[in-house]
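Given next are the chains, with one letter for each unit.
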Amino acid sequence: MSTVQNPYESPMQADDGLKKTVIISIALHVAALMAFVIGSLVHPRDTVPKTPFLFDMVNVQTPYRYRAPRSVVPVAVPLPQKEKNIPKAAPKKAVGKNFTSQKTKETPKKEETKSVESADERPSDDKVDAKEEAAAAPMQNEMSIGKSDFPFSYYGAQIRNAVEQNWRTTPQELLGSESQLVVVITFVIRKNGQVSELQILESSWNSILDKLALRAIEKAKIPPIPGNDDSLPITYRLVLRRSD
Amino acid sequence: MARLIPSLLLFPALLCAQPEGLFIESTAQGAVKINIAIKPFSPKTPGLTQKPADLPWKVIANDLALSGRFTVTETASTDTALFRSKNIAVYIDGLYDFHEGKVILDGLLYDALSGNLIVAKQYSVEEGRVRRAAHLFSDEVVYRLFGDKGIASTRLVCVEKAGKAKEISIVDYDGAGKTRVTNNGWLNLTPAWSPDGKGVVYTSYRQQTPALYVTWIYTGKTDRLTKNNRLNFAPVWNGVEDKIAFASSMNGDCAVYTMEKDGSGLKRLTFHAALESSPSFSPNGYEIAYTSDRTGNPQIYIMDNEGTGTRRLTYEGKYNDAPSWSPKGDRIAYMSMADGRFDIYTIAIDGTDAKRLTKDAGNNEHPSYSPDGRLLVFSSTRAGGTDLYLISEDGGDPVRITFSGNLDSPEWSKY
Numbered sequence: 001m002s003t004v005q006n007p008y009e010s011p012m013q014a015d016d017g018l019k020k021t022v023i024i025s026i027a028l029h030v031a032a033l034m035a036f037v038i039g040s041l042v043h044p045r046d047t048v049p050k051t052p053f054l055f056d057m058v059n060v061q062t063p064y065r066y067r068a069p070r071s072v073v074p075v076a077v078p079l080p081q082k083e084k085n086i087p088k089a090a091p092k093k094a095v096g097k098n099f100t101s102q103k104t105k106e107t108p109k110k111e112e113t114k115s116v117e118s119a120d121e122r123p124s125d126d127k128v129d130a131k132e133e134a135a136a137a138p139m140q141n142e143m144s145i146g147k148s149d150f151p152f153s154y155y156g157a158q159i160r161n162a163v164e165q166n167w168r169t170t171p172q173e174l175l176g177s178e179s180q181l182v183v184v185i186t187f188v189i190r191k192n193g194q195v196s197e198l199q200i201l202e203s204s205w206n207s208i209l210d211k212l213a214l215r216a217i218e219k220a221k222i223p224p225i226p227g228n229d230d231s232l233p234i235t236y237r238l239v240l241r242r243s244d
Numbered sequence: 001m002a003r004l005i006p007s008l009l010l011f012p013a014l015l016c017a018q019p020e021g022l023f024i025e026s027t028a029q030g031a032v033k034i035n036i037a038i039k040p041f042s043p044k045t046p047g048l049t050q051k052p053a054d055l056p057w058k059v060i061a062n063d064l065a066l067s068g069r070f071t072v073t074e075t076a077s078t079d080t081a082l083f084r085s086k087n088i089a090v091y092i093d094g095l096y097d098f099h100e101g102k103v104i105l106d107g108l109l110y111d112a113l114s115g116n117l118i119v120a121k122q123y124s125v126e127e128g129r130v131r132r133a134a135h136l137f138s139d140e141v142v143y144r145l146f147g148d149k150g151i152a153s154t155r156l157v158c159v160e161k162a163g164k165a166k167e168i169s170i171v172d173y174d175g176a177g178k179t180r181v182t183n184n185g186w187l188n189l190t191p192a193w194s195p196d197g198k199g200v201v202y203t204s205y206r207q208q209t210p211a212l213y214v215t216w217i218y219t220g221k222t223d224r225l226t227k228n229n230r231l232n233f234a235p236v237w238n239g240v241e242d243k244i245a246f247a248s249s250m251n252g253d254c255a256v257y258t259m260e261k262d263g264s265g266l267k268r269l270t271f272h273a274a275l276e277s278s279p280s281f282s283p284n285g286y287e288i289a290y291t292s293d294r295t296g297n298p299q300i301y302i303m304d305n306e307g308t309g310t311r312r313l314t315y316e317g318k319y320n321d322a323p324s325w326s327p328k329g330d331r332i333a334y335m336s337m338a339d340g341r342f343d344i345y346t347i348a349i350d351g352t353d354a355k356r357l358t359k360d361a362g363n364n365e366h367p368s369y370s371p372d373g374r375l376l377v378f379s380s381t382r383a384g385g386t387d388l389y390l391i392s393e394d395g396g397d398p399v400r401i402t403f404s405g406n407l408d409s410p411e412w413s414k415y
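Chains as they are written, first to last, in our numbering: chain A, 1 to 244; chain B, 1 to 415.
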């Protein structure tokens, strides 16, 4: 009998051994897991504070940005000389070109060449910077009234004056390493000149700049709407550009 | 291209836009001016030869020029090509008529490019009130074009020298329409407005001792506010809590006190042995700027309206006096002695950024801000007698508004 049982015994014993080890290992795993769970319940981990960063960390260069701007730089002042030429010499073309072809075509090109040549030279080399400035198709602040036949031309100018008086003091430090940042905002002017329904259409991806742009429009003293219109939808593009 | 399409959708008007920035002119300070043309008003019924007494279009042109927001052109024609060549954005036209002893004025504001009417106002006034109607229309123009209240219908209260006596007078902010508030032949000094513009509080010797009085200019009623026999002067009326701050020597040394508007609730604020005077409330009524010579010469200090939290504001100059808080609350105008003469300065309330507004032209004293904070009025002896001048808040050439040579201590009313 023993000779018969022996071949069965040995696998049975091996099976028992395997069962034991499996059970033990499962028990150990469960115990370890329980220990973790209980441990984490008793001493919860210090969570990372989820306050959003006030500044766009990507663009941080130096701690200078936290200082107040040294001088008030007129950022959004349209150049007077240019504008004298614009109205008589086909304003449609100038605006359209400025906004469509130059910007979209030239910026990717420039970036390609940049990255191929050397990314390290960018902050130090003045010549490269100057070239970049010239080629960057700098955008101007633009305002458009969402009503094609609005007859009062002075009114748009007054809105721009009011907004740009506030926008002018925007600190250049917000640019970081960019040469210009653009925010596009839509809003509606009520009959008495009150601003409502402020919305960002195109963010600059810099939350501070977005808020400053909203504030520049919200705080602007806009005169009441002339004529019979009760409200006017406005699209405003605000550009923060390096001034020198 | 993916970025191009939405951006084109955003600016449909850009492609057919009118020339932008046509009317923007930025000065060095960043103040924006708008070009405006004014056409002399025409009679409503043709053939009318009589004209209104004070030519209202001249008054309006003067108002708009003084406001610092306009470049004014006086023109006889309303030719669009002319406006375009001169970069004129809006123009004013008007009509006048006489009806049952009254002057009827129609003020019309047009968009110069399109010729569309922006606003039309009709005023029916007595002959002597044409200036008032013109001022009101100037304010309407400022409101329609800038969304701001204008200052053309505000007034100044000042001290008028009449022989040996000094009387309180009110003039329009452009120097016209002088009216006496007091006429008692005694010394009446340091006037100030009540917050609603209906009363003037001032020091008077009319009962032999210098006490504070308030005169309600529409009823002619006068009340004595202080009961003591000592010197009480330099009152200022705060509209937030309806309190009057003033300087008084009722307890021996000259100090700043406050009281309710009827003279009750007297409270001493400064307890320094030095001489303290010339209080001026901040626009929110929380703080008082005043002059004190506790360091040996008069300087300007700020305390809160309970008399605590004193800090020194000015360190430059040997003699700083007559502080006047700007309506925005960010700056204080004062007079300071330089080269043996007084000049007008403004300073930020943290004591930085002192700006000198006048220089090398007689004694310039007692500045006071306009209610919109864009102008200051002060008295100057640059032309002999003391007259009132207006100057822009950021400097520039002062404009002389009175020519009688006997007005000083101006205070600008609220709106």
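Simulated from the structure, these hints should not be mistaken for lab results.
Some clues are possibly wrong.
No farther apart than 30 Å at their CA atoms in a straight line, the calculated lysine-lysine pairs in the DSS-like style are these [stated by the list, open to error]:
1. B:Lys-33 <-> B:Lys-149
2. B:Lys-149 <-> A:Lys-191
3. B:Lys-121 <-> A:Lys-191
Practice task
Mind listing which of the numbered hints don't hold for this structure, in increasing order?
Solution key: none
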